[in-house]
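Visitor: The lines below spell out each chain.
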Amino acid sequence: MPAELEKPDQCLLADETSLNESTLNYYRQIPLAVHKLLATCRKDSCFDHVNATPIPSLESVSEILHQARRILFPGYFSPTMLDSVNLEYRLGQATTELFEKLSRQVLLSIQHECMRYNQPCSRCMQLSHETGLRFIETLPGLREILGTDTRAAMDGDPAAKSHDEAIFSYPGLFAITVYRMAHVLHGLAVPLLPRIMTEYAHSMTGIDIHPGAKIGESFFIDHGTGVVIGETTEIGNRVRIYQGVTLGALSLPRDEIDRFRNLKRHPTIEDDVIIYSNASILGNPVIGARSIIGGNVWITEDVPPDTKVLLKVPELVYIGNNKP
Amino acid sequence: MPAELEKPDQCLLADETSLNESTLNYYRQIPLAVHKLLATCRKDSCFDHVNATPIPSLESVSEILHQARRILFPGYFSPTMLDSVNLEYRLGQATTELFEKLSRQVLLSIQHECMRYNQPCSRCMQLSHETGLRFIETLPGLREILGTDTRAAMDGDPAAKSHDEAIFSYPGLFAITVYRMAHVLHGLAVPLLPRIMTEYAHSMTGIDIHPGAKIGESFFIDHGTGVVIGETTEIGNRVRIYQGVTLGALSLPRDEIDRFRNLKRHPTIEDDVIIYSNASILGNPVIGARSIIGGNVWITEDVPPDTKVLLKVPELVYIGNNKP
Amino acid sequence: MPAELEKPDQCLLADETSLNESTLNYYRQIPLAVHKLLATCRKDSCFDHVNATPIPSLESVSEILHQARRILFPGYFSPTMLDSVNLEYRLGQATTELFEKLSRQVLLSIQHECMRYNQPCSRCMQLSHETGLRFIETLPGLREILGTDTRAAMDGDPAAKSHDEAIFSYPGLFAITVYRMAHVLHGLAVPLLPRIMTEYAHSMTGIDIHPGAKIGESFFIDHGTGVVIGETTEIGNRVRIYQGVTLGALSLPRDEIDRFRNLKRHPTIEDDVIIYSNASILGNPVIGARSIIGGNVWITEDVPPDTKVLLKVPELVYIGNNKP
Numbered sequence: 028m029p030a031e032l033e034k035p036d037q038c039l040l041a042d043e044t045s046l047n048e049s050t051l052n053y054y055r056q057i058p059l060a061v062h063k064l065l066a067t068c069r070k071d072s073c074f075d076h077v078n079a080t081p082i083p084s085l086e087s088v089s090e091i092l093h094q095a096r097r098i099l100f101p102g103y104f105s106p107t108m109l110d111s112v113n114l115e116y117r118l119g120q121a122t123t124e125l126f127e128k129l130s131r132q133v134l135l136s137i138q139h140e141c142m143r144y145n146q147p148c149s150r151c152m153q154l155s156h157e158t159g160l161r162f163i164e165t166l167p168g169l170r171e172i173l174g175t176d177t178r179a180a181m182d183g184d185p186a187a188k189s190h191d192e193a194i195f196s197y198p199g200l201f202a203i204t205v206y207r208m209a210h211v212l213h214g215l216a217v218p219l220l221p222r223i224m225t226e227y228a229h230s231m232t233g234i235d236i237h238p239g240a241k242i243g244e245s246f247f248i249d250h251g252t253g254v255v256i257g258e259t260t261e262i263g264n265r266v267r268i269y270q271g272v273t274l275g276a277l278s279l280p281r282d283e284i285d286r287f288r289n290l291k292r293h294p295t296i297e298d299d300v301i302i303y304s305n306a307s308i309l310g311n312p313v314i315g316a317r318s319i320i321g322g323n324v325w326i327t328e329d330v331p332p333d334t335k336v337l338l339k340v341p342e343l344v345y346i347g348n349n350k351p
Numbered sequence: 028m029p030a031e032l033e034k035p036d037q038c039l040l041a042d043e044t045s046l047n048e049s050t051l052n053y054y055r056q057i058p059l060a061v062h063k064l065l066a067t068c069r070k071d072s073c074f075d076h077v078n079a080t081p082i083p084s085l086e087s088v089s090e091i092l093h094q095a096r097r098i099l100f101p102g103y104f105s106p107t108m109l110d111s112v113n114l115e116y117r118l119g120q121a122t123t124e125l126f127e128k129l130s131r132q133v134l135l136s137i138q139h140e141c142m143r144y145n146q147p148c149s150r151c152m153q154l155s156h157e158t159g160l161r162f163i164e165t166l167p168g169l170r171e172i173l174g175t176d177t178r179a180a181m182d183g184d185p186a187a188k189s190h191d192e193a194i195f196s197y198p199g200l201f202a203i204t205v206y207r208m209a210h211v212l213h214g215l216a217v218p219l220l221p222r223i224m225t226e227y228a229h230s231m232t233g234i235d236i237h238p239g240a241k242i243g244e245s246f247f248i249d250h251g252t253g254v255v256i257g258e259t260t261e262i263g264n265r266v267r268i269y270q271g272v273t274l275g276a277l278s279l280p281r282d283e284i285d286r287f288r289n290l291k292r293h294p295t296i297e298d299d300v301i302i303y304s305n306a307s308i309l310g311n312p313v314i315g316a317r318s319i320i321g322g323n324v325w326i327t328e329d330v331p332p333d334t335k336v337l338l339k340v341p342e343l344v345y346i347g348n349n350k351p
Numbered sequence: 028m029p030a031e032l033e034k035p036d037q038c039l040l041a042d043e044t045s046l047n048e049s050t051l052n053y054y055r056q057i058p059l060a061v062h063k064l065l066a067t068c069r070k071d072s073c074f075d076h077v078n079a080t081p082i083p084s085l086e087s088v089s090e091i092l093h094q095a096r097r098i099l100f101p102g103y104f105s106p107t108m109l110d111s112v113n114l115e116y117r118l119g120q121a122t123t124e125l126f127e128k129l130s131r132q133v134l135l136s137i138q139h140e141c142m143r144y145n146q147p148c149s150r151c152m153q154l155s156h157e158t159g160l161r162f163i164e165t166l167p168g169l170r171e172i173l174g175t176d177t178r179a180a181m182d183g184d185p186a187a188k189s190h191d192e193a194i195f196s197y198p199g200l201f202a203i204t205v206y207r208m209a210h211v212l213h214g215l216a217v218p219l220l221p222r223i224m225t226e227y228a229h230s231m232t233g234i235d236i237h238p239g240a241k242i243g244e245s246f247f248i249d250h251g252t253g254v255v256i257g258e259t260t261e262i263g264n265r266v267r268i269y270q271g272v273t274l275g276a277l278s279l280p281r282d283e284i285d286r287f288r289n290l291k292r293h294p295t296i297e298d299d300v301i302i303y304s305n306a307s308i309l310g311n312p313v314i315g316a317r318s319i320i321g322g323n324v325w326i327t328e329d330v331p332p333d334t335k336v337l338l339k340v341p342e343l344v345y346i347g348n349n350k351p
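Chains as they are written, first to last, in this note's numbering: chain A, 28 to 351; chain B, 28 to 351; chain C, 28 to 351.
Each hint should be verified, as a subset may be incorrect.
Unchecked claim - Pairs of lysine-lysine, DSSO-like flavour, derived with a Cα cap of 30 Å:
#1 B:Lys241 with B:Lys335
#2 C:Lys188 with A:Lys241
#3 B:Lys339 with C:Lys291
#4 C:Lys188 with A:Lys291
#5 C:Lys128 with A:Lys63
#6 C:Lys188 with A:Lys128
#7 C:Lys339 with B:Lys339
#8 B:Lys188 with C:Lys188
As the list claims (entries may be wrong) - If you want a taste of the chain B side facing chain A, the calculated C-beta under 7 Å gives, among others:
#9 Thr50
#10 Val255
#11 Lys339
What the hints assert, rightly or not - Restraint-style ranges between C-beta atoms, simulated for each label pair:
#12 A:Gln120 with B:Tyr116: 43 to 53 Å
#13 C:Pro106 with B:Glu86: 21 to 31 Å
#14 C:Ser189 with B:Gly347: 29 to 39 Å
#15 A:Ser89 with B:Leu59: 22 to 32 Å
#16 B:Asn289 with C:Leu59: 32 to 42 Å
#17 B:Gly347 with A:Tyr54: 48 to 58 Å
#18 B:Thr50 with A:Asp329: 43 to 53 Å
#19 B:Gly214 with A:Tyr54: 16 to 26 Å
#20 A:Tyr54 with C:Ala216: 17 to 27 Å
#21 A:Glu171 with C:Val340: 35 to 45 Å
#22 B:Tyr116 with A:Tyr116: 40 to 50 Å
#23 A:Glu171 with C:Ile346: 52 to 62 Å
#24 C:Arg150 with B:Ala216: 54 to 64 Å
Derived by calculation from the structure, the hints in this document are not laboratory data.
Backbone N, C-alpha and C fix where the C-beta goes; we use that ideal spot for every residue, glycine too.
Turn these sequences into a full structure, and let the hints guide you.
Guide: Structure, rendered in structure tokens:
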């Protein structure tokens with residue numbers, strides 16, 4: 028090869044080497060950074076999960092929720108068509124898979140909790156299968172109550188075109204579906220998993236329902252972003268709420284928080300109540316049956332049944348040439 | 028093999044069998060649960076989609092939206108670089124793929140609707156191709172109006188560093204992009220799909236715009252979480268709104284909801300209006316051009332043009348040693 | 028092959044051809060639509076990124092954030108178990124990968140910015156490695172401050188069952204984790220990337236924290252949907268805020284927006300302040316240490332330390348048989 032043709036190659040090589048050399052200098056400093064990172068791990072001020080049991084996986088929880096939804100609304104979210112001939116086979120297969128995946132995550136959750144309290148986990152495997160089966164057995168009941176929620180969406184929203192539209196696309200119905208599943212597992216005393224489930228729905232919908240809340244049938248949440256329903260809330264049948272509604276706790280001084288961890292500190296909403304957007308009901312008042320709570324209202328005390336609570340029309344200040 | 032070496036294997040086998048036996052007992056109870064689940068399917072109280080046409084797929088809708096966005100903002104969301112030499116080829120290929128994917132989901136949506144009304148679907152295939160093409164033909168117009176929206180983001184937000192930052196990362200611009208596409212399909216009378224699209228954007232951004240709303244050019248939504256824009260809302264040009272703004276319907280008694288399904292029940296916002304965070308405008312008042320609606324205001328009546336509407340400064344209660 | 032067997036094939040072929048012919052007619056119109064789309068690309072009214080450098084990828088940014096979170100909370104989000112034997116090896120490998128992925132996206136961001144100002148990018152590669160390393164070096168500090176945020180979540184929420192529950196599932200902690208990383212890169216003057224990061228967290232949580240905000244240790248956001256924290260906000264230590272809280276800018280006339288781009292236009296929140304749900308603090312007032320801001324309050328002026336600010340109980344209008 029003639030000498031003059033080698034030059035570009037050499038130049039290129041030289042450039043690359045100097046680049047590599049410079050880059051390598053940065054790489055060489057990584058071990059020191061990692062060493063410092065490991066040093067901080069040993070302090071009490073950080074959190075790690077080293078030398079520990081494996082933990083529930085967010086991906087698996089998401090798979091479980093979508094698998095369960097395919098069973099609860101058969102045919103709506105399946106890539107393949109369902110017909111009455113293959114229905115039992117497919118539903119059986121899907122339910123078995125759900126049992127397996129759910130039992131596995133329940134096992135990891137229980138083992139994690141045992142480890143946290145330094146307790147042996149002798150019955151963990153059996154308990155997780157037991158829980159998985161109990162959950163499967165609630166599916167028929169869940170289907171029925173989700174049927175009432177679906178009809179409530181259609182009945183409560185003038186923009187709803189069909190039940191199918193609600194099932195396909197309403198975030199409120201998705202959040203309620205996930206909450207109802209998480210509530211079952213919460214009732215079966217499964218740690219961690221129920222909250223991971225409702226926070227998944229929170230992330231997808233902006234609707235934050237604690238798994239511990241008790242909610243009756245025909246529940247409808249319209250739009251939903253910003254809704255918060257606290258741990259000890261109780262909601263009756265045929266209740267309708269809108270975006271931004273908070274059913275929350277009253278403020279607590281920092282030193283009293285531990286004392287309130289297991290008390291009822293959220294509202295009770297009786298049957299047929301409607302709560303409009305951005306209303307906040309705080310503490311544990313009772314909102315009586317058939318009452319209507321207007322938008323932006325801030326309530327901390329009981330409301331009798333059959334009552335409308337509205338903000339007094341605020342005095343508005345108009346500035347401009349055309350004051351009314 | 029000597030007999031004493033077989034023992035451990037047998038023990039292991041025995042252990043595994045006993046474990047399996049316990050586990051199998053749970054598995055054995057699954058068919059009964061599935062049987063009960065199938066039994067409830069036959070009640071009127073549940074929803075299923077069995078013996079039905081295949082349905083639109085949420086994954087496909089998401090793919091369509093991202094594919095269309097790559098076409099509407101060429102080069103911004105593509106893994107490969109675009110240059111003027113390969114642009115026509117790549118855009119042509121991307122547009123053809125969009126046509127195919129969209130036509131397919133339109134077909135599924137129309138077939139689903141035909142089935143719901145027990146109507147034959149003889150022209151479904153042709154209609155879906157027709158719709159796919161009409162949509163493709165609106166892309167140049169969509170590019171232009173989205174250009175005005177992009178400039179509105181830069182002009183309306185002091186934190187915006189560049190148009191590119193808005194295109195890359197502003198949730199308001201993403202929600203408006205999806206809404207404008209869904210609105211085209213809504214105008215072409217496609218069932219189901221437009222709402223699935225805007226609910227996808229709602230899930231990603233917390234911004235809930237009904238595909239039926241009419242929105243002019245240079246529209247800017249800042250932050251956006253909690254925004255609700257109802258089905259029959261009309262918004263003029265150069266309007267700016269902030270997080271938590273509701274353009275919604277007034278409350279309806281349960282027995283009147285059906286009567287209102289096709290009436291105008293949401294506000295009209297004229298040109299150059301600004302609406303600050305968490306304001307609610309309900310029913311169908313007209314907010315006159317160039318008016319400014321302050322934060323947290325709750326309005327149900329007309330506002331003349333060139334008007335500022337502010338809450339009277341609320342009387343605050345200060346508790347503490349340092350009252351002002 | 029006997030003649031009568033060919034017929035079905037021919038019929039099928041005929042059907043397919045006629046279908047194809049109709050379909051092909053639609054395909055034939057696509058090039059015209061693409062041509063029109065290309066024509067609009069040349070107008071000033073649209074945005075494209077053609078003949079440009081490659082750009083940061085949203086997928087890569089998401090990978091970087093999750094990789095960094097696995098390092099900051101070792102063992103919590105890993106599919107494989109960590110033990111003290113493999114910890115250094117795994118952490119070293121994960122950190123090296125993070126350095127590589129982050130440096131790459133920083134490079135793309137810097138190149139994009141250079142191109143925008145038509146400036147040469149001679150030190151881009153070195154600068155991006157430098158930035159990647161500086162970021163890695165902040166990881167120990169980030170672990171420590173995130174430890175204080177994790178304890179603040181447990182201490183501030185009566186519904187919290189354990190630190191692990193907060194780490195696994197609290198959206199507020201996720202948003203703060205992402206913000207703290209983005210704030211480091213913002214401090215290193217990386218363009219584009221920090222905002223893409225916080226908008227990713229915004230999309231997942233409904234919590235919108237600008238990377239430029241300054242936030243002290245032990246910060247807790249409960250529920251979080253709708254929270255907005257603006258670019259020039261300053262927050263002290265041990266501050267607690269709830270869903271829907273806005274720390275935002277006051278309204279600006281359109282012609283003054285550019286003038287305000289680099290001024291402090293957001294609030295200062297001193298140590299130990301609590302701000303309840305849907306409160307808005309706008310402009311740049313100072314909220315004094317240990318003060319409590321009640322829900323739905325709208326503040327634009329300074330609040331002295333040790334002060335409670337509450338809305339005067341609104342006059343409610345009760346309608347019904349059972350007025351209290």
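Visitor: For every hint, state whether the structure bears it out.
Guide: Here's how the hints hold up against the structure:
no.	hint	in the structure
1	B:Lys241 with B:Lys335	holds (24 Å)
2	C:Lys188 with A:Lys241	holds (19 Å)
3	B:Lys339 with C:Lys291	holds (26 Å)
4	C:Lys188 with A:Lys291	holds (16 Å)
5	C:Lys128 with A:Lys63	holds (21 Å)
6	C:Lys188 with A:Lys128	holds (24 Å)
7	C:Lys339 with B:Lys339	holds (13 Å)
8	B:Lys188 with C:Lys188	violated (42 Å)
9	Thr50	holds (6 Å)
10	Val255	holds (5 Å)
11	Lys339	holds (4 Å)
12	A:Gln120 with B:Tyr116: 43 to 53 Å	holds (45 Å)
13	C:Pro106 with B:Glu86: 21 to 31 Å	holds (23 Å)
14	C:Ser189 with B:Gly347: 29 to 39 Å	holds (35 Å)
15	A:Ser89 with B:Leu59: 22 to 32 Å	holds (28 Å)
16	B:Asn289 with C:Leu59: 32 to 42 Å	holds (36 Å)
17	B:Gly347 with A:Tyr54: 48 to 58 Å	holds (56 Å)
18	B:Thr50 with A:Asp329: 43 to 53 Å	holds (51 Å)
19	B:Gly214 with A:Tyr54: 16 to 26 Å	violated (56 Å)
20	A:Tyr54 with C:Ala216: 17 to 27 Å	holds (23 Å)
21	A:Glu171 with C:Val340: 35 to 45 Å	holds (42 Å)
22	B:Tyr116 with A:Tyr116: 40 to 50 Å	holds (47 Å)
23	A:Glu171 with C:Ile346: 52 to 62 Å	violated (35 Å)
24	C:Arg150 with B:Ala216: 54 to 64 Å	holds (56 Å)
The structure is inconsistent with the numbered hints 8, 19 and 23, although it conforms to all the rest.
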